[in-house]
Every structure is written in C-alpha cells, then in structure tokens.
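2 protein chains.
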Amino acid sequence: MQNFEYWNPTRILFGRGTTDRVGWECRKYGERVLLVYGGGSIKVTGLYERVIVRLQEAGCSIFELSGVQPNPRISKVREGVDICRREDIEVVLAVGGGSVIDTAKIVAAGARYDGDAWDFFTGKGVPKEKLPLGVVLTLAATGSEMNRNAVITNDETGEKLVVKNPVLFPDFSILDPENTFTVPREHTVYGIVDMMAHVFEQYFHKTPETPLQDRLSEGIMKTIIEYTPKVLANPTDYDARATIMWCGTLALNHLIEAGVVGDWATHRMELELSGVYDIPHGAGLAILFPQWMEYVLPLIPQRFAQFAERVWEIPRNGRNDLELGKMGIARTREWFREIGAPLTLREVGIGEDRLEEMAERVAQRGPIGVVKVLTKEDILTIYRRSL
Amino acid sequence: MQNFEYWNPTRILFGRGTTDRVGWECRKYGERVLLVYGGGSIKVTGLYERVIVRLQEAGCSIFELSGVQPNPRISKVREGVDICRREDIEVVLAVGGGSVIDTAKIVAAGARYDGDAWDFFTGKGVPKEKLPLGVVLTLAATGSEMNRNAVITNDETGEKLVVKNPVLFPDFSILDPENTFTVPREHTVYGIVDMMAHVFEQYFHKTPETPLQDRLSEGIMKTIIEYTPKVLANPTDYDARATIMWCGTLALNHLIEAGVVGDWATHRMELELSGVYDIPHGAGLAILFPQWMEYVLPLIPQRFAQFAERVWEIPRNGRNDLELGKMGIARTREWFREIGAPLTLREVGIGEDRLEEMAERVAQRGPIGVVKVLTKEDILTIYRRSL
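In the order they appear, the protein sequences are chains E and D. Just so we're aligned, residue -8 is where the first sequence starts under the numbering used here, counting upward by one. Just so we're aligned, residue -8 is where the second sequence starts under the numbering used here, counting upward by one.
Quick caveat, the hints were computed from the structure, so don't treat them as lab data. Fair warning: this is a prediction, and the values are worked out from it, not measured in the lab. A hint or two may mislead.
Repeated chains share a single entry, so a pair holds when one copy, or any two copies, can fit it.
Unchecked claim - When the alpha-carbon atoms are kept at most 25 Å apart in a straight line, the in silico DMTMM-like pairs for lysine to aspartate or glutamate are as follows:
| # | residue 1 | residue 2 |
| --- | --- | --- |
| 1 | Lys119 | Asp162 |
| 2 | Lys317 | Asp162 |
| 3 | Lys197 | Glu48 |
| 4 | Lys213 | Glu285 |
| 5 | Lys197 | Asp230 |
| 6 | Lys197 | Glu217 |
| 7 | Lys197 | Glu70 |
| 8 | Lys19 | Asp162 |
| 9 | Lys213 | Asp312 |
Whenever a hint applies, use it, and build me the whole structure from the sequences.
Here it is in structure tokens:
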C-alpha cells in the first residue's frame, strides 16, 4: 500500500425529495446565486422550475449561466466568471451533470482568481479559493459532485485538460435519484461506462498489497454490472437509479484510490479524442479501454486474472493468469456491447486521419500511464487498434 | 435504500513516517497543545518521545493529560477540560486508541461548553463547537479517528454512554501503521473483533435494496478475515497492519451506513456489560454477537444466507436461507475462537448475578435494535445464552 492523504469535505444530501432543500442550502452561503445549467433539458423535466421556486422561497436573487455543452468550453467559463464579478455573486449552483459541474467549479474558482481561468489548466496559475459551490446532480457519471477534479476544453486550441485541486470540492451536492429518471438511455449508458472506467483506472495498477482497495473497487464494479440492466429495463426504478448514482459518486471521490497509484492513460487518450472529435466521453472510453487492457495485460496478468475471477466470476479451471485475464477483457468488451456502447472508432465516425497528430500531442504532454508509460508509438498503436 | 446525509471532513494522513508530521499539523491550529494519552505504553515504544520532539520543533507548548484508561471515565475528561480552561489550550492531540481519542473528543468539546461535559451524554447539553483536535492512532479498532462518535463511562454511576455529533470529527488523524507494530496480540484481536462488529451492526439490517452498501461491507469483512492471520503471525508485517488499520477506519466512518439503518443492539448490550464489569469492549462483542445473530436469524434469514455465501464462501448446496445463515453464524463463532477471542461470559469471569439488573437498564434507555426491537426479556435471554 502507498502512503496517502484522504480528505473530502463535500456534504452529500442523498435521496428522494432532497432537491427541495436546494434553496436553504444555498442561502447558508449567500443570497446572490449564479445558476449554471446546460441545454435546457431541466426546463423540459420541470427541475428548472422546482429549483427556481426553492431558491426564491429562500430569498435568493438568481442569475443564470445557461447553455453549457458536453465537453464544456473555457469560453463559457469566462462568461460565468464575468457574471460573478459584475453581479457580486455569492454562491454558484450547478444543476446538471459533469459538464455543468466542472464549468461551475472553474467559474467559482475563476471568480476568485486574478487572471484567466485557463491558467489553471496550463499550470500558469493555481486556484487558491473559490466561491461557495452547490450541486444538484442530474446524471450519474463523472463523480464530479464529490471530487476535486474538473475537465474543460479550450475551444480555440481543441485541448481538453484536467485540473485537480482541493479548492474544487463542491460544498454540498444534492443527489436525488429521481432527477435521473428522465435521462435518455444513451446517456445513461455513457454515464455507466464512465464510472466503470473510473474504477478501471484505479484498479489496474502496479501497487503491491492493496486488498481492501481491491475489494471496494470490485464491489462497485459488481454492483454496476448487476444494476445496469435494471436501470435500462426500467428507467424509473428508484432503487436501481439510486444505486447507480451512488456507484458513480464512490467510483471517483478519492476513496478507492487511497493507497494506490492509478493509471489514467486511457482517460488521457480519451480526452484528446473527445476534445478533437466532440464525441461523448463514455463512448470514447468504451472504445479505448479494452484495447488498452489487452496492450498492458502481459505486464500485470495476475491483476486481470483477479478481475476475471472476482468481477466476472469466470472460473479458473486450470487456466493461467494470462488466459484468464484475456477472458476478463473479452467479457468486458462483450458487456459494453450488451449495454449499447460503441466498440470502434469507425462506429462513431472517426477514421485514421488525425490519429498520429493526436498521439503526438498526448505523448508530448508528459508521462502518460503507470502500468506502462506509453510512448507516442504505444498510443498510436492503441488508437489504430481501436479503429 | 434510505435517504441519507454523508459528511466527513477529517483529513487522514496515512502511512509510514506520517507520525513525523504531527508537530506542524498541530501548529496549523495553534501553539498551546494538550497531549492526551493512556497508561504510558507510548513511553515504552518511543512514540511519546517522537511526538514531543516534533511538537517542540514546531514551536508548540505542551501540556499533558495522561492515564486515560480503557472504558474511559468522565472524571478524566473533567480533568482535561480544567487544563484546557486554565492553560488556554488551543489544540488537543490524542495519541492512542479509541479510549484516548474519545476522551480527547469530549475534552475538546467540553472546553468550549459552558457546563459539565457529561451533559452531552444525558441529553442535557449538546456540543456546539470544539477545540481543534488531532489524532495519532496507535490501535486499529474503534474508527473514532474518523468519526463523530465518543463513548465515555461515568465512574459514579457505571453508565457507559455514546454521543454522536458532527462537532466531534477530528480535524486530522495520523494513521501510521508502524505505530501498531507493538500492540500485544490480545489487543490486536479485540480491535479486530471491534471493527468486525461495527460492520455487522451496519450489515445485518432490514433496509431493502442496498446492494452497494452490502458489497462494501462484505469487502471490508473479507479483507479483515484474510489479513487477521497475517497480522497475528507477523505483527510487524507493514502491509498487513496497514490493511487492518484502514479496515478499522472504514468500518465506522459513516460510509457503509450511508443509505441503511443499522441495528446497534449488540453494541448497546455490550456497553452495559463493559461499563459494569470493565472487560475489553472487543471481548464483550465476541461473546454477545453470535448470540444476537441466532436470536434474530429467523427475521432476516436471506441476509444471513448472503453473509454465509459471500463472506464465508459457504456453498448453498440446496440449503435454504435459514440453514445457510445458521452455518454462517457458526463459522463466525468458530473464527472468533480461532483468533483467540472469548465466546462466553464465564470465560471472562462474569456470572448470572447482575444480568437482570443490566437487562433492565439497557431496556429502560429506550428502543434498542432495529432488526428486532429488543424487550428486557429479549436482552436477558441473550445475556443468559452468552453465559
């Protein structure tokens, strides 16, 4: 086990009806609220109206930053920072999924930073404080509701980068599973792939002796596998939605990585992919992950064998680690197919043309991967095998 | 799944060498430190000296509250509160196990309370704030290092009571597994029984549809079962001590109870037992738990069957839930015996005489248990079967 620091101060309000607490929870931090949301689906579902009413009841003045897109842009962040400064915003409230939350995080930190918020991503600046931040989660996927990460795309350069900083923990997050009842099948699936991929990144590693971390990760993966069919069969199954939602949060709230060194190469390759091509993050992960797994399998066969045995319950039957590990990867690919995720780049309309340029850029951004530090050639091979 | 709120702001510094950070971690909060510890074993191991040196290096003034006993007393708490007031203490630092940490929690809260700290336990008063509190953990057991609970005994009345309040979260806890290398076998075992019992309390419940919580609890239990022999065989096995330590923390840091309603009847019966007889908490739990399990088995047979199958890997082989559950309980008792825990009250020198009086008192303190709300008769039966 590695030494670690674990700290997570986000307050989680989980369950049916917790949405109605949004007004007074915001009011604890201030009166002037910037409501951040996406393309307007919350207006269709009635959530927008419900949040507005609760904020008004609590005596909040409401300002809006709407139109946050998937693969959210720094230009939208800058728009939000301008509103915060101009209107003396006291609380930022994200109502949405990972894109909206990440935008709100950087808006909240950018408003308290003397410079351009893109600096956080290039390393030119570091967030030191932020405006208070609340979340009403509408999509189980990224875990952003309870972590210190944010991913933003620069619309000028096409770069999609991550910043990680304890300042970025939301102060509170409302996780009301009923708010995910209306998520379309496709996005439910991408969200599930995303959370599964988060566990993969922290489970396939080279840190010795991490038995508890392994069990916790395996528990999350098995639960996701067991409950995905329930959610897809019946999108308004409360307990299934609740279970998937809590899985998504625990998959990336720093708990299962405490004591291990995660890999994260696949995420880095995917961020480049969806930064350039604007495909859903979950789609890119489903395509790339099985390829990465096969590529590094010979380096940690015992870990893939454990995955096959414990998560997929594939019996050993005299197989060696490599054979068993291979079967675990094949089963993972099959499962992605079963739940409706794409498995090749061509399926999402991506061809050969820009792969080399992308591999070059990913490699340039410094060491990528832990199980294997990937060179440009490695990355290009994985991209090509994903065609 | 039940609605829940989850919040845990304690910072964990985990790993080899983290002990040396104690000085500057305290100094962040203040300069005048009250060092709380037990019977002096930390002087024998050299930990006392190491902590003192680090505190001095960081420029702290050190005051001491020593001699905290197992089943810690309110009289010792009052002594600590007096020192805090008299010496303008700015930080309380617990160096020890659960008894020391619980004492330090109530000292830190009592110092900021206008009245007697026992009020927190009788409900006469509520802790509203506390002095900053740090921990250097020396025994993996209670989870107090990362939770909001404290258990204190009133030496005048023999009452052993719990208080739970978010104010009581430590601000930081140093978990250095090397500090547990010297824990004697007997106390290592009691600590392990305690953490296992914490998982039991939160696993054997009646809340429907808690698949993720189940998997997390099962993961902790399986890890404890797998690593206990390693720790007992080689007390200086770093990874084994580290694993058991992190199990103890996660067993009672509010994570696995998020979404369920735990039972806690056995803990209530045990607190009465060790309050009256001053036996180790872990010993009392090993004696009472299998009896409670058998008593409530018919009410939740499917949960005990799941426990038998998933935790003890007992194959179903056509058995019904009741039969399988029974085997899981028998295996638990056998395991307690294997690791060296007592199984009967007589083994720890307790006879029939005060059982009725104790059952009476436990029952009087209001509803006890969730799987079955236990009457005085139920409690007495469980006590008697434990003879």
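Which hints, by number, does the structure contradict?
Hints 2, 3, 7 contradicted; others consistent.
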